[in-house]
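Listed below, chain by chain, are the residues.
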Amino acid sequence: MTMRYVGLFSGLFVLIVVVGLFMGAPFTVRLMVEAFAFALIAMGLNIQWGFGGLFNFGILGMLMVGGFAMVFIAFPVNEAFWASDGPAMLGMTLFAAAIGAVLIVLAHNVQRIGIIGKWRGAVIVLAWFVAYVIFRSQMDPAASYITSEAGWIGGLGLPVLLGWAFGGVLAAAIGFFVGKISLGLRTDYLAIATIGIAEILRAVIKNVDWLTRGTLTVSPIPWPVPNPQAFQAMGHDPSMSFVLARSGFLVLVVAVVAIALFLIHRAYNGPWGRMMRAIRDNHIAAGSMGKDVTKRQLELFVFGSALMGIGGAILTSFVGIYDPSSYQPINHTFIIWVMLIVGGSGNNFGALIGGLFIYIVWVLSEPMAQALFLNLSDFSQGMGWGEIPDISARAIQMRVFVLGLVITIALRFAPKGLLPEFVRRHD
Amino acid sequence: MNDFIFFFNQVVIGGAVLGSIYALGAVGITLIFGILRFAHFAHGDMMTMGGFVAFLLAGIVAATGIAFPLPTGFVVLPFAMVIAAVLALGIDKGFYAPLRARGARPVTLLIASIGVTMMIQGVIRLFFGSSSYSFFEGGSKKLYRIDLPFEGVTRPISFTEPQLLLVILTAVAVIALHLFLTRSRLGKGMRAMADNADLARVSGINTKLVVRVTWVIAGALACLAGTMLALDVSLKPDLAFNIVLPIFAAAIVGGLGHAYGAIAGGFLLGFAETMAVFNWAVLLRPFRDALPEWFEIPSSLALVQSEYKLTVAFIILVVVLLVRPTGIFKGAST
Numbered sequence: 024m025t026m027r028y029v030g031l032f033s034g035l036f037v038l039i040v041v042v043g044l045f046m047g048a049p050f051t052v053r054l055m056v057e058a059f060a061f062a063l064i065a066m067g068l069n070i071q072w073g074f075g076g077l078f079n080f081g082i083l084g085m086l087m088v089g090g091f092a093m094v095f096i097a098f099p100v101n102e103a104f105w106a107s108d109g110p111a112m113l114g115m116t117l118f119a120a121a122i123g124a125v126l127i128v129l130a131h132n133v134q135r136i137g138i139i140g141k142w143r144g145a146v147i148v149l150a151w152f153v154a155y156v157i158f159r160s161q162m163d164p165a166a167s168y169i170t171s172e173a174g175w176i177g178g179l180g181l182p183v184l185l186g187w188a189f190g191g192v193l194a195a196a197i198g199f200f201v202g203k204i205s206l207g208l209r210t211d212y213l214a215i216a217t218i219g220i221a222e223i224l225r226a227v228i229k230n231v232d233w234l235t236r237g238t239l240t241v242s243p244i245p246w247p248v249p250n251p252q253a254f255q256a257m258g259h260d261p262s263m264s265f266v267l268a269r270s271g272f273l274v275l276v277v278a279v280v281a282i283a284l285f286l287i288h289r290a291y292n293g294p295w296g297r298m299m300r301a302i303r304d305n306h307i308a309a310g311s312m313g314k315d316v317t318k319r320q321l322e323l324f325v326f327g328s329a330l331m332g333i334g335g336a337i338l339t340s341f342v343g344i345y346d347p348s349s350y351q352p353i354n355h356t357f358i359i360w361v362m363l364i365v366g367g368s369g370n371n372f373g374a375l376i377g378g379l380f381i382y383i384v385w386v387l388s389e390p391m392a393q394a395l396f397l398n399l400s401d402f403s404q405g406m407g408w409g410e411i412p413d414i415s416a417r418a419i420q421m422r423v424f425v426l427g428l429v430i431t432i433a434l435r436f437a438p439k440g441l442l443p444e445f446v447r448r449h450d
Numbered sequence: 268m269n270d271f272i273f274f275f276n277q278v279v280i281g282g283a284v285l286g287s288i289y290a291l292g293a294v295g296i297t298l299i300f301g302i303l304r305f306a307h308f309a310h311g312d313m314m315t316m317g318g319f320v321a322f323l324l325a326g327i328v329a330a331t332g333i334a335f336p337l338p339t340g341f342v343v344l345p346f347a348m349v350i351a352a353v354l355a356l357g358i359d360k361g362f363y364a365p366l367r368a369r370g371a372r373p374v375t376l377l378i379a380s381i382g383v384t385m386m387i388q389g390v391i392r393l394f395f396g397s398s399s400y401s402f403f404e405g406g407s408k409k410l411y412r413i414d415l416p417f418e419g420v421t422r423p424i425s426f427t428e429p430q431l432l433l434v435i436l437t438a439v440a441v442i443a444l445h446l447f448l449t450r451s452r453l454g455k456g457m458r459a460m461a462d463n464a465d466l467a468r469v470s471g472i473n474t475k476l477v478v479r480v481t482w483v484i485a486g487a488l489a490c491l492a493g494t495m496l497a498l499d500v501s502l503k504p505d506l507a508f509n510i511v512l513p514i515f516a517a518a519i520v521g522g523l524g525h526a527y528g529a530i531a532g533g534f535l536l537g538f539a540e541t542m543a544v545f546n547w548a549v550l551l552r553p554f555r556d557a558l559p560e561w562f563e564i565p566s567s568l569a570l571v572q573s574e575y576k577l578t579v580a581f582i583i584l585v586v587v588l589l590v591r592p593t594g595i596f597k598g599a600s601t
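Just so you know, the sequences run in chain order A and B.
Residues 24 to 450 in the numbering used here are what the first sequence lists, from first letter to last.
Residues 268 to 601 in the numbering used here are what the second sequence lists, from first letter to last.
Calculated from the structure, these hints are not laboratory results.
It is possible that part of the hints are untrue.
[As the list claims (entries may be wrong)] Using 20 Å as the maximum straight-line C-alpha spacing, the simulated SDA-like pairs for lysine to any residue come out as follows:
{"no.": "1", "chain 1": "A", "residue 1": "K229", "chain 2": "B", "residue 2": "V571"}
{"no.": "2", "chain 1": "B", "residue 1": "K360", "chain 2": "A", "residue 2": "G237"}
{"no.": "3", "chain 1": "A", "residue 1": "K203", "chain 2": "B", "residue 2": "R591"}
{"no.": "4", "chain 1": "B", "residue 1": "K576", "chain 2": "A", "residue 2": "G237"}
{"no.": "5", "chain 1": "A", "residue 1": "K439", "chain 2": "B", "residue 2": "V374"}
{"no.": "6", "chain 1": "A", "residue 1": "K439", "chain 2": "B", "residue 2": "A364"}
{"no.": "7", "chain 1": "B", "residue 1": "K409", "chain 2": "B", "residue 2": "F426"}
Could you build the full structure based on these sequences and the hints that come with them?
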């Protein structure tokens, strides 16, 4: 087993070195930063699916929330907003939301004054509707006022690392609510419920221009380490300054991943991890032994979401632009599943290696496909059949196909992944 | 009166068209879930694939120069459905059957269907790029306008030919499916297997055949839905991927595994979406004079902004899952 770990990780290292030789240092360092961020997200999914068997298809939503939290904390302050009536109007909106929440809570408790059955249902629906109307009546003017007067609310201008942390916290909070409402469902239903909630989140984040600038996108987002421009100002040439700046970022990301891996692995091998495996393998038996199944599953969901949020924040701050419409289910949800299944669900190192490996495959399948098509095109031209049109546009689509192929092959021939889950037994 | 016709055009026709698409997709999903017990995510892309098959056939037919009174994409539909059914069988044989033979859990099949989704999408984009295509290259859709014989009515009821065909075809498909499920031996076997697969097997039902027939029906209906959707809007590689979630929502709202529930759920969601984004102030305007002085009709009285149209389906989905996870037709049986 140890040989397998050593073999796979050294194989991965060789792959990275080869990529570095072919594609150049700036590209490879960028690739590694993103790959480690995705590995962190895959580890988050491993907590949910590998440890607890919870089917989360709403990863995209967590990444968006994490990215937004980072932007909100780290982006420079928008003076125009704070000087306008915007904050007061938002305060009113918050107040309206609070009134609505009180109404809803009251409506859910009407059985205490003797309203039960169908009437209670009617009262609850009515309360939700009234709350919605009250909220919209304050929200809509505030939103249009802010977008016309100040553009959007801007950030808080705090350190980026705080933004990463807040990304984790906010995603965990959202994950708490998502888990609270959907964890009672069976696997298929849970998958569809989470994907539905993620789509709602996506639609909201994309359209609330006053909060996130929506499709107008936010940039440039500050870096936690000196960025390439800073290194250029110090007199390095462009290529070198990219390598230096991205290396600094890479060190930071690897440190975050290492800390997360250390903590998760300790938790996984401890009594907490054993309990989670027991719940995953037989939740009825675990429940009869006195474990609070729903609460523990919620715990896993929240922890996993926190890692996803941090990962999303890292990705956003590295790219330097927050574009809500760039989030797609394939690029941000399905790929994470492929990483975890190929790497080996239930094994933290499996999630790590799966994340790194699949991201490299995903990015490299484009130039590989391009090379393949160019050769094919030369061949078909040589045969007199004409060349293949739009090679570069087609090559970029190849990676979706490759990803699908990889996961179907993995499910069929190695369903446990590259590094299968390893459970130590004492006989 | 004009305002009511506006309402009719927007909500009733729009909802019926959207509902038909959702219903046709949801029936396939619910049948597969009933027989094979897994959520088939690749169904949306099977719809897109069917649309592209029909598009290719229509291109071949158009090249021969034969002209039809109906849209070419519609004329080639039966052949496209046969091809799509064969493709669906092939997908099952290649990707799902080996996993089932190994005794994999339904969750594994669900993840495999994600892989199939990506492969179908990759292949389509590889050949067709990411641009959109129209079945009506050079021509235009026939538009029906029905003028109402009332005084002061200037606005006609209007819909396009593909929309009319879509609604008719959906009705035909639903009736045919109903007859198949209740009258034929195979259909009864299918219902039996959906209720209890083991019991169906020991009572002599050929379960392998039932599985194949399920894929044929699902593939053909997916092709029908995809082609009609492409005729109504335009054909693009993410045509049905974007609506696969509302379709799932329709199947769940109707109760996964219940064919009739899926149809009802599809129409329910279709109408809910169009009604949620409809500006209800339009309907108040005729009563402008009857309303009290202080009451001013707001310019927009839509329940949600139109950007959130698809979100309506998800909210209904989440609410149904929480309040009644088995769907609204709990007691219904296929």
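Status of each hint after checking the structure:
1. K229(A) with V571(B): Measuring from Cα to Cα gives roughly 15 Å; hence the hint holds.
2. K360(B) with G237(A): Roughly 44 Å between the alpha carbons, so the hint for K360(B) and G237(A) is violated.
3. K203(A) with R591(B): Holds - the C-alpha atoms of R591(B) and K203(A) are around 16 Å apart, at most 20 Å.
4. K576(B) with G237(A): Given that 20 Å is the threshold and the Cα spacing comes to 17 Å, the pair holds.
5. K439(A) with V374(B): Answer holds: K439(A) to V374(B) is near 14 Å, not above 20 Å.
6. K439(A) with A364(B): holds, 19 Å
7. K409(B) with F426(B): Holds, at about 9 Å.
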